[in-house]
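Q: Read off the chains here:
Number of protein chains: 2
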Amino acid sequence: MISEELMRSISSKNPAKMLMLVIDGLGGLPLNGKTELEQCHIPNLDKLATQSICGLVDPISPGITPGSGPSHLALFGYDPIKYQIGRGVLEALGIGMHLTDNDLAARGNFATVDEKGIIVDRRAGRISTEKNKVLCDLLQNGIAEIEGVKVTINPGKEHRFVVLFKGEGLGDGLTDSDPQKNGKPSISASATTESAKFSERVINRFIKEATHLLRSQESANTILLRGFSQIPKIPSMTELFQVRPAAIAVYPMYKGIARLVGMDVLEAGEEIRDEIKALRDYFDQYDFFYVHIKKPDMFGEDGNFHGKVRAIEEVDEFLPDLLDLRPDVLVVTGDHSTPSVLKSHSWHPNPILLFSRFIRTDAVERFDERSCLLGGLGRFPAMGIMPLMLANALKLKKYGA
Amino acid sequence: MISEELMRSISSKNPAKMLMLVIDGLGGLPLNGKTELEQCHIPNLDKLATQSICGLVDPISPGITPGSGPSHLALFGYDPIKYQIGRGVLEALGIGMHLTDNDLAARGNFATVDEKGIIVDRRAGRISTEKNKVLCDLLQNGIAEIEGVKVTINPGKEHRFVVLFKGEGLGDGLTDSDPQKNGKPSISASATTESAKFSERVINRFIKEATHLLRSQESANTILLRGFSQIPKIPSMTELFQVRPAAIAVYPMYKGIARLVGMDVLEAGEEIRDEIKALRDYFDQYDFFYVHIKKPDMFGEDGNFHGKVRAIEEVDEFLPDLLDLRPDVLVVTGDHSTPSVLKSHSWHPNPILLFSRFIRTDAVERFDERSCLLGGLGRFPAMGIMPLMLANALKLKKYGA
Chain A
1 MISEELMRSI SSKNPAKMLM LVIDGLGGLP LNGKTELEQC HIPNLDKLAT QSICGLVDPI
61 SPGITPGSGP SHLALFGYDP IKYQIGRGVL EALGIGMHLT DNDLAARGNF ATVDEKGIIV
121 DRRAGRISTE KNKVLCDLLQ NGIAEIEGVK VTINPGKEHR FVVLFKGEGL GDGLTDSDPQ
181 KNGKPSISAS ATTESAKFSE RVINRFIKEA THLLRSQESA NTILLRGFSQ IPKIPSMTEL
241 FQVRPAAIAV YPMYKGIARL VGMDVLEAGE EIRDEIKALR DYFDQYDFFY VHIKKPDMFG
301 EDGNFHGKVR AIEEVDEFLP DLLDLRPDVL VVTGDHSTPS VLKSHSWHPN PILLFSRFIR
361 TDAVERFDER SCLLGGLGRF PAMGIMPLML ANALKLKKYG A
Chain B
402 MISEELMRSI SSKNPAKMLM LVIDGLGGLP LNGKTELEQC HIPNLDKLAT QSICGLVDPI
462 SPGITPGSGP SHLALFGYDP IKYQIGRGVL EALGIGMHLT DNDLAARGNF ATVDEKGIIV
522 DRRAGRISTE KNKVLCDLLQ NGIAEIEGVK VTINPGKEHR FVVLFKGEGL GDGLTDSDPQ
582 KNGKPSISAS ATTESAKFSE RVINRFIKEA THLLRSQESA NTILLRGFSQ IPKIPSMTEL
642 FQVRPAAIAV YPMYKGIARL VGMDVLEAGE EIRDEIKALR DYFDQYDFFY VHIKKPDMFG
702 EDGNFHGKVR AIEEVDEFLP DLLDLRPDVL VVTGDHSTPS VLKSHSWHPN PILLFSRFIR
762 TDAVERFDER SCLLGGLGRF PAMGIMPLML ANALKLKKYG A
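These protein sequence lines map, in sequence, to chains A and B. Number 386 in the numbering used here belongs to position 386 of the first sequence; there are no gaps in the numbering. Position in the second sequence counted from 1, then plus 401, gives you the numbering used here.
Treat the hints as calculated values from the structure; they're not laboratory data. Ideal placement from N, C-alpha and C gives every residue a C-beta, glycine not left out. Among the hints, a few may not be true.
Unchecked claim - Covered stretches of chain A (in silico footprint by chain B; criterion: 3 or more residues with CB under 8 Å from a CB of chain B, positions within the stretch not fixed): (1) 28-38; (2) 60-66; (3) 81-87; (4) 338-348.
Bound-form chain A, shown alone:
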């Protein structure tokens, strides 16, 4: 893969507009012989495929199933092995928290501990989300700050919450305070690096104080923290590629990942039509747009084959609105496959189409996995998409004399 140094050295600005449409969980596996995409009626995408150059994209590399963090970093042109987004950070992004460089994030569970300090239920009987909110308020009101570190507690669903430690001198490199199994004693977080010693002290005091505040609760009488992490030190897309990037997404996690790589996150409502409207409204102000469509992945995760088919067909209906904006370079692909038959992310490559004035069109006439296999882009890792888009936008100078 091409190094960041090389990309920095050959990137240049021009007004050409690039649009990356990411259909979450796009690729699938056959049910009765055909994948979700192969069973879709998507005349607009099919027509665009005939005018584009197509291919197959491995999110990371063959066989590797990515989470949303690595798969999106790769789409945005970053090495997904070099840069990793920790669990705590991703959860924080997922509920819409804004993180800065010094923040340390962790995932938390309310849990039940017996009088001997043994964890009897890591999920505190899966307390209700409403109860969770009450308990997070209790903790937040009781613990605002520890040794100058501001503590922010945000409830998630059921027994889950996210805690953010904000202050100077917080290194990461900490083991979980969660033994991961019932029947084990509760444990402290432990620094694995010298620079995390202060974090260790703050976190363990937080756990102690939280447990004290929860002492009279019936089930949720302690907390377990895990996935301590900080946002990765990552150059912005503007630094690397000299682009002005904007993100249009509905779900907080994707907005958060986009923010990590320096995108402006545009107000995009709740539905695809709102996302298209945002794109239209801001089209003059940026030269790279990441548009994220969530629904196909959700149906895939639910094992709802026909729901996923329908969700992809819905995207197709809005394609003419995208094309009306006349982007110079348009890519349509997925971040990873989510086959309904697996009900989960998978390792299978995604179809991709790239539309620009400077392509050799191929024989692909259908936008699906098996048709794109024979496309002119061949098969390549997702990290290679950005260089291709930039090249097609004539934003990359010649390398070498």
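Position chain B relative to chain A; hints supplied.
A: Just chain B now, kept in the frame of chain A:
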């Protein structure tokens, strides 16, 4: 390529059975327009190809012709550039010697030296294999040990033998004692690293004592040693992938390589039918099976095109027996091509088919080089096979959040 650290972190156990059938020297080159495979009548493999996802595998990378060491390491999921099996070690494995971490192995030749110490025949007139055995016995009886290092001498064919030095403190990093040309003076082995100084002393004393024992021989009056090497420090497949691996092979070298990566080597007789029987007998006890078929390579090396065709057809006849075991993931491929027209290993990619429940089948209907070119797996390096097999066995966790 995916790092070992990543593979370790995402590998997990489940009972799914994986079977890798390696047909040695599978790929070929056309004679009268068609390769060996293309001239084969292999109805079972062709039928399986239609139910599988196919592709082409480069043993190392395009243009690189591998020996059996690197090609097998890559098949087993190891970086064949990072890990190298030295010549001495490979020869020792090839004649069935068991090596442990501290052993230093070397290839040897009996040779003829004149009274001035000049090598006049590096192969001692290609003495007979029988004579070789007699001389190896002579050396073994005369030299059991040097400075606490146990010396084991095993005859090979004609003038060739293998010597194994077993003891503490034997580092490798030694130049050959073989000038590689007649007409040059015989030379000593020389340490290129500090840790090989003791080895140097032991080896050169061995050469001196051996030459003394051979002094009255007519032609084989000295020895030349080369390829000093130890087994590479290599994590086992169990460490990397959490599998229980077993090897079924007839030839010692393949058993030896399998042992290097931590496979159990099963008693597999002499013929394909014996290998299949071993597979059936042990099928419950392991979750990864490497089955090695030697004959096609041997016919390829002999330039016997039709012999190679017939040998591949023989494999096809046993395919139904393999399928009867209902492996969850089955891969059929080669370790390298051995085109009969070249009479040697070659750089050409091998066809591969991968059969599992979680694939997108492709349009490939014939298991041969040109048909598999259009397969859904595309073209990829052999090191990528293990991640794909593990993914299809659902033995890999998601990477990243």
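Q: Could you run down the list of hints and mark each one as holding or not?
A: Comparing the hints with the structure gives:
no.	hint	in the structure
1	28-38	holds (count 3)
2	60-66	holds (count 7)
3	81-87	holds (count 5)
4	338-348	holds (count 8)
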